[in-house]
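K.L.:
Position chain B relative to chain A; hints supplied.
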Amino acid sequence: MMGIDLKNINRVFQVGDESVYALNNVSLHIDAGDYISIMGPSGSGKSTLLNILGLLDRPNTGQYLFENVDISSFSDEQQALTRSEKIGFVFQVFHLVPRLTAAQNIELPLVLAGVDSEERRHRVDKILKSTGLVDRAHHKPGQLSGGQRQRVAMARATIMNPSIILADEPTGNLDRASGKEIIEVLEGLNKEGMTLIIVTHDPGLGRRAHRQIRMIDGQIEATIHNEVG
Amino acid sequence: MKWVDYFYFAFGALRGFSVRTILMLVAMSFGVAAVIVLTGLGDGARRFIASEFASLGTNLLIVLPGKSETAGVSPGSFVGQTTRDLTIDDALSLTRNSTTDRIAVITVGAASVSRGRLDREVTIVGTSHHFLDIYHWKMAQGRFLPKTDMRTEQSVIVLGATLKEELFKAENPVGEWVRVGDRRFRVIGVIASEGQSFGMDAGDMAIVPVSSAQSLFNQASLFRILIEAKNRDVLELAKKQIINTLKERHQGEEDVTVISQDAVLQTFDNIFKTLTYSVAGIAAVSLIVAGILIMNVMLISVSQRTAEIGLLKALGAKTHEIQNLFLVEAVLLSVLGATIGLIIGDIGCRIIATIYPDFPAGAPVWAIFSAFFVSVVTGLLFGVSPAKRAAKLDAVEALSK
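Note that the protein sequences, when read in sequence, are chains A and B.
According to my numbering, the first sequence is numbered sequentially starting from 1.
According to my numbering, the second sequence is numbered sequentially starting from 230.
Among the hints, a few may not be true.
With a cut-off of at most 25 Å between alpha-carbon atoms, the simulated DMTMM-like pairs for lysine to aspartate or glutamate come out as follows [claimed, not checked]: (1) Lys231/B to Glu118/A; (2) Lys630/B to Glu77/A; (3) Lys617/B to Glu169/A; (4) Lys231/B to Glu169/A; (5) Lys621/B to Asp57/A; (6) Lys86/A to Glu550/B; (7) Lys621/B to Glu77/A; (8) Lys86/A to Glu626/B; (9) Lys86/A to Glu395/B; (10) Lys231/B to Glu85/A; (11) Lys231/B to Asp125/A; (12) Lys231/B to Asp202/A; (13) Lys630/B to Glu169/A; (14) Lys86/A to Asp135/A; (15) Lys630/B to Glu192/A; (16) Lys630/B to Asp76/A; (17) Lys630/B to Glu118/A; (18) Lys231/B to Glu119/A; (19) Lys617/B to Glu77/A; (20) Lys630/B to Asp57/A; (21) Lys621/B to Asp76/A; (22) Lys617/B to Asp57/A; (23) Lys231/B to Asp116/A; (24) Lys191/A to Asp217/A; (25) Lys621/B to Glu85/A; (26) Lys630/B to Asp202/A.
If you anchor each label on the Cβ, the simulated ranges turn out as follows [unchecked claim]: (27) Ala283/B to Ser117/A: 54 to 64 Å; (28) Ala582/B to Ser145/A: 36 to 46 Å; (29) Gln63/A to Leu610/B: 35 to 45 Å.
These are computed hints drawn from the structure, not numbers from a lab.
Glycine residues also receive a C-beta, built at the ideal position from the N, C-alpha and C atoms.
Excised from the complex, chain A in its bound form (with noise of 0.2 Å):
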């Protein structure tokens, strides 16, 4: 079965002579398609979960099966290449380049695929259209509501139309609104195929997933199933 398979994760921090386990024995499997919601108070472990699924960062023991495939032991360059093809992220600070206009942020990560021109210009403009960021296509972040900062940066995420979404408190910076607004985009990328995996505070966000994983020192402490609605 495609998907994800975590399994008896460890990440260790040293923190002087202590060991800090962020993540402590986590085993965890992820469908094609599914939507997961990541809560937990600070310093639970969500976020170094959400680094470790997104290749960002490694675990110190365990096994990572990423669509059937053992990553633990790619090398970075295999990790980066699996990031740029496979894992979109969405930040709570956005991370828009500040010098770069919001089509050429939504550009970036083809850029760095060595997608020609062409195809370029054709992909961006596809999905400026899509996310109604058209007129917005030449402003640069700064000009941007944070509606539309995060909105650029979900463009960018899915421009290589990867297989998984990590969205690290989307909403976090944002008003009602523009929050609801974002998830809605979130959720019909879902429904499109895309696996989701939001972290956030929000119980109210976090119902809304399919499965929602509470976290607490380092571990899963429950897995919920909601209702799908």
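P.N.:
Below, chain B alone, put in the same frame as chain A:
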């Protein structure tokens, strides 16, 4: 990632940090401009000297009395002999050599030249007819010394332009009489004010036949004999012939020195080349300083753009791609700086050339290329460490900045 995109991205990054970029460019371009202007001056001086020599004719040989190796304490001084003088007869004997084209003798002294109450102390050059052609001087008025036997005294004089101004103002001096010491000379011509030629101010001098000068100064010796060889190829042979002829005339003693124009030119050439290299080296130090500045700028850039680097990693940028991005940025900085520097340097040389038209300031090609090359390599070298630092950043940590 494609190479063209590296450049595009790096260029965008440089534009995004414009003040810092401009300061960096100023530092780099001044370094390069310094190399260009200084080598331009050095090489200009070299070419200036070379052209001065060329105007004297490159098949010129100069005979001076005494052997240069024995200058100071000559062997003769121990046996009661002084250095044998060069005489007009020596000069005349050289005219019979097959390689000799033209010959001129020089004897030099100082005397006052007066006309009425006007009086001026000038250099008196005693010489012969071919002197004018050998020195490539021109006449402004009248004619030069006649082609007569060097041994004949004649009371004729050719004036330098300045001296003519002093004594005659706007009058035509040809045919007039002037007094040199206690003798009277008739003016037959005026030298055109060609300026200076190797310390001899063509303006502030008077020229008389060599015999007249010798009796004026009461000496039988010559200061120099100038021989123009038939062509450049026989120069060495001409030199040998001159030495042999004079050795024979001086009872087998080799007591003259023959200098070729080439040898002197070569010496000057070497001196100025060395000078140019050393100023280039000194100026190149500023390129190293600029390189250190590049490193500084790039390190600041890396720490300010940590979040961006984290993002690029999240978006799938590979380690070497991040490294290349920053390297390209550093190289772009130095190439831009070097190009601007070349332009500033060129403008500098042109300004110098406008102010001193005689002085051919202009950087030699090797200096232009090496200034450019050194600055680009400096940019690359000093860009490596910041780029490595950027590439090594931990993605998670970088993103949280």
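K.L.:
Hint by hint, say whether it matches the structure.
P.N.:
Now the hints, each set against the structure:
| no. | hint | result |
| --- | --- | --- |
| 1 | Lys231/B to Glu118/A | 13 Å, holds |
| 2 | Lys630/B to Glu77/A | 23 Å, holds |
| 3 | Lys617/B to Glu169/A | 31 Å, violated |
| 4 | Lys231/B to Glu169/A | 33 Å, violated |
| 5 | Lys621/B to Asp57/A | 14 Å, holds |
| 6 | Lys86/A to Glu550/B | 19 Å, holds |
| 7 | Lys621/B to Glu77/A | 13 Å, holds |
| 8 | Lys86/A to Glu626/B | 22 Å, holds |
| 9 | Lys86/A to Glu395/B | 96 Å, violated |
| 10 | Lys231/B to Glu85/A | 17 Å, holds |
| 11 | Lys231/B to Asp125/A | 21 Å, holds |
| 12 | Lys231/B to Asp202/A | 41 Å, violated |
| 13 | Lys630/B to Glu169/A | 16 Å, holds |
| 14 | Lys86/A to Asp135/A | 29 Å, violated |
| 15 | Lys630/B to Glu192/A | 33 Å, violated |
| 16 | Lys630/B to Asp76/A | 22 Å, holds |
| 17 | Lys630/B to Glu118/A | 34 Å, violated |
| 18 | Lys231/B to Glu119/A | 14 Å, holds |
| 19 | Lys617/B to Glu77/A | 16 Å, holds |
| 20 | Lys630/B to Asp57/A | 16 Å, holds |
| 21 | Lys621/B to Asp76/A | 11 Å, holds |
| 22 | Lys617/B to Asp57/A | 20 Å, holds |
| 23 | Lys231/B to Asp116/A | 8 Å, holds |
| 24 | Lys191/A to Asp217/A | 32 Å, violated |
| 25 | Lys621/B to Glu85/A | 22 Å, holds |
| 26 | Lys630/B to Asp202/A | 23 Å, holds |
| 27 | Ala283/B to Ser117/A: 54 to 64 Å | 57 Å, holds |
| 28 | Ala582/B to Ser145/A: 36 to 46 Å | 59 Å, violated |
| 29 | Gln63/A to Leu610/B: 35 to 45 Å | 43 Å, holds |
Violated hints, listed in ascending order, are 3, 4, 9, 12, 14, 15, 17, 24, 28; each of the other numbered hints is respected by the structure.
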